[in-house]
Amino acid sequence: MNSVTPQEIIEDATCVNSARVTVESLTKRYGDQSVLQDFSLTLNGGETLALLGHNGAGKTTLIKLICGLITATIGSIRYHFSMNDQSANSEQWRYQLGYLPENIAFNQHVSGSELMHFFARLKHVDPSSCSELFDRVGLAQKDQSRAVREYSKGMRQRLGLAQALLGQPKLLLLDEPTSGLDPSVRRDIYRILNEYKSNGCSLLISSHSLDEIEHHCERVAMIKQGKLIAQGSRQELLTQAHLPIVIDITSAQINPLKTQLTNYHLEQYGPQQLRIHCERSQKMTLLKDLTQDSSISDLQVREPGLTDLYTYFCDADDR
Numbered sequence: 001m002n003s004v005t006p007q008e009i010i011e012d013a014t015c016v017n018s019a020r021v022t023v024e025s026l027t028k029r030y031g032d033q034s035v036l037q038d039f040s041l042t043l044n045g046g047e048t049l050a051l052l053g054h055n056g057a058g059k060t061t062l063i064k065l066i067c068g069l070i071t072a073t074i075g076s077i078r079y080h081f082s083m084n085d086q087s088a089n090s091e092q093w094r095y096q097l098g099y100l101p102e103n104i105a106f107n108q109h110v111s112g113s114e115l116m117h118f119f120a121r122l123k124h125v126d127p128s129s130c131s132e133l134f135d136r137v138g139l140a141q142k143d144q145s146r147a148v149r150e151y152s153k154g155m156r157q158r159l160g161l162a163q164a165l166l167g168q169p170k171l172l173l174l175d176e177p178t179s180g181l182d183p184s185v186r187r188d189i190y191r192i193l194n195e196y197k198s199n200g201c202s203l204l205i206s207s208h209s210l211d212e213i214e215h216h217c218e219r220v221a222m223i224k225q226g227k228l229i230a231q232g233s234r235q236e237l238l239t240q241a242h243l244p245i246v247i248d249i250t251s252a253q254i255n256p257l258k259t260q261l262t263n264y265h266l267e268q269y270g271p272q273q274l275r276i277h278c279e280r281s282q283k284m285t286l287l288k289d290l291t292q293d294s295s296i297s298d299l300q301v302r303e304p305g306l307t308d309l310y311t312y313f314c315d316a317d318d319r
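The opening residue of the sequence shown carries number 1 in the working numbering; numbering runs sequentially from there.
Hint data in this document are derived by calculation from the structure and do not stem from the laboratory. Source: prediction; values computed, not measured. Where hints are given, some of them may not hold.
Taking CB as the label site, the calculated pair distances span [said to hold, decoys possible]: (1) K227 - L69: 13 to 23 angstroms; (2) Q141 - S233: 37 to 47 angstroms; (3) D135 - S297: 45 to 55 angstroms; (4) Q273 - D318: 24 to 34 angstroms; (5) L69 - Q33: 10 to 20 angstroms; (6) T259 - S297: 14 to 24 angstroms; (7) A105 - D298: 44 to 54 angstroms.
Heads up, simulated DSS-like pairs for lysine-lysine below, C-alpha to C-alpha not over 30 angstroms straight-line [stated by the list, open to error]: (8) K258 - K283; (9) K153 - K123; (10) K288 - K258; (11) K197 - K227; (12) K197 - K64; (13) K142 - K197; (14) K224 - K64; (15) K224 - K197; (16) K142 - K123; (17) K153 - K142; (18) K153 - K64; (19) K123 - K64; (20) K197 - K153; (21) K197 - K123; (22) K227 - K64.
Each residue gets a CB set at the ideal place from its N, CA and C atoms; glycine is no exception.
Turn these sequences into a full structure, and let the hints steer you where they fit.
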């Protein structure tokens with residue numbers, strides 16, 4: 001079968017500072033192997049969508065398809081931009097897109113400044129904006145003239161982000177942008193991304209750091225073996241999954257408490273430690289009862305997080 005990816009660029013007056021992307025029934029095959037299978041997804045204007053999945057699930061393939069770096073076997077991608085006075089052609093929509101790959105393979109023998117100027121010319125961006133972007137991503141003035149081979153991993157990632165931000169893109173596609181970085185660099189990268197999002201930019205971020213990305217996205221899409229197994233906001237996914245609330249208590253009177261709490265699933269994980277699993281609808285009543293018990297010296301409530309949801313939907317797909 002011939003590879004065909006209809007890419008339709010749609011002028012949309014509602015996408016003034018952002019972009020919306022609609023992926024419909026995408027399948028990508030390499031020979032007999034399907035990397036993506038009948039995949040549909042929408043990235044709304046001005047939102048951050050997290051793309052989650054194990055290695056080889058198809059996340060990078062999807063991002064490359066949206067970038068136009070590869071073509072799909074079947075399916076279509078629609079890009080909604082406000083083009084102003086620009087014609088909606090295949091070149092100009094790319095100028096509104098920024099891409100940061102997982103493994104950056106920059107020329108090691110040029111300076112950071114030379115590299116940025118090269119990408120600026122590719123995107124038809126005024127090279128004078130490069131210096132400002134160096135400042136924005138936290139690279140010092142002296143780093144502009146240094147050879148890329150002298151950059152640390154964190155500096156190379158900042159440089160990669162700077163090239164993705166050239167031309168004030170309305171759509172950012174980021175493949176594992178904080179992988180292998182120390183906490184301070186990770187915080188800086190998300191701070192910068194949140195600034196662009198606050199100005200209307202749409203972000204699609206692939207990540208393995210579920211606890212981290214949970215605080216930076218409105219919606220989540222989970223991929224397993226090339227298939228979309230779940231998507232929605234955290235609250236929507238919680239409603240679908242019906243995962244229990246976990247309450248950990250410490251008490252010198254564990255056995256009497258266990259007798260009182262027979263309606264709940266219990267785990268004793270220490271001499272004075274008890275873990276209680278309850279339905280969301282039971283939470284407030286249970287907490288009221290527990291806080292009135294003078295034998296309880298400590299109490300912690302844990303809501304299901306993105307890691308719990310990811311585990312649930314992956315396991316549910318196997319059933």
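Numbered hints the structure breaks, given as an ascending list: none
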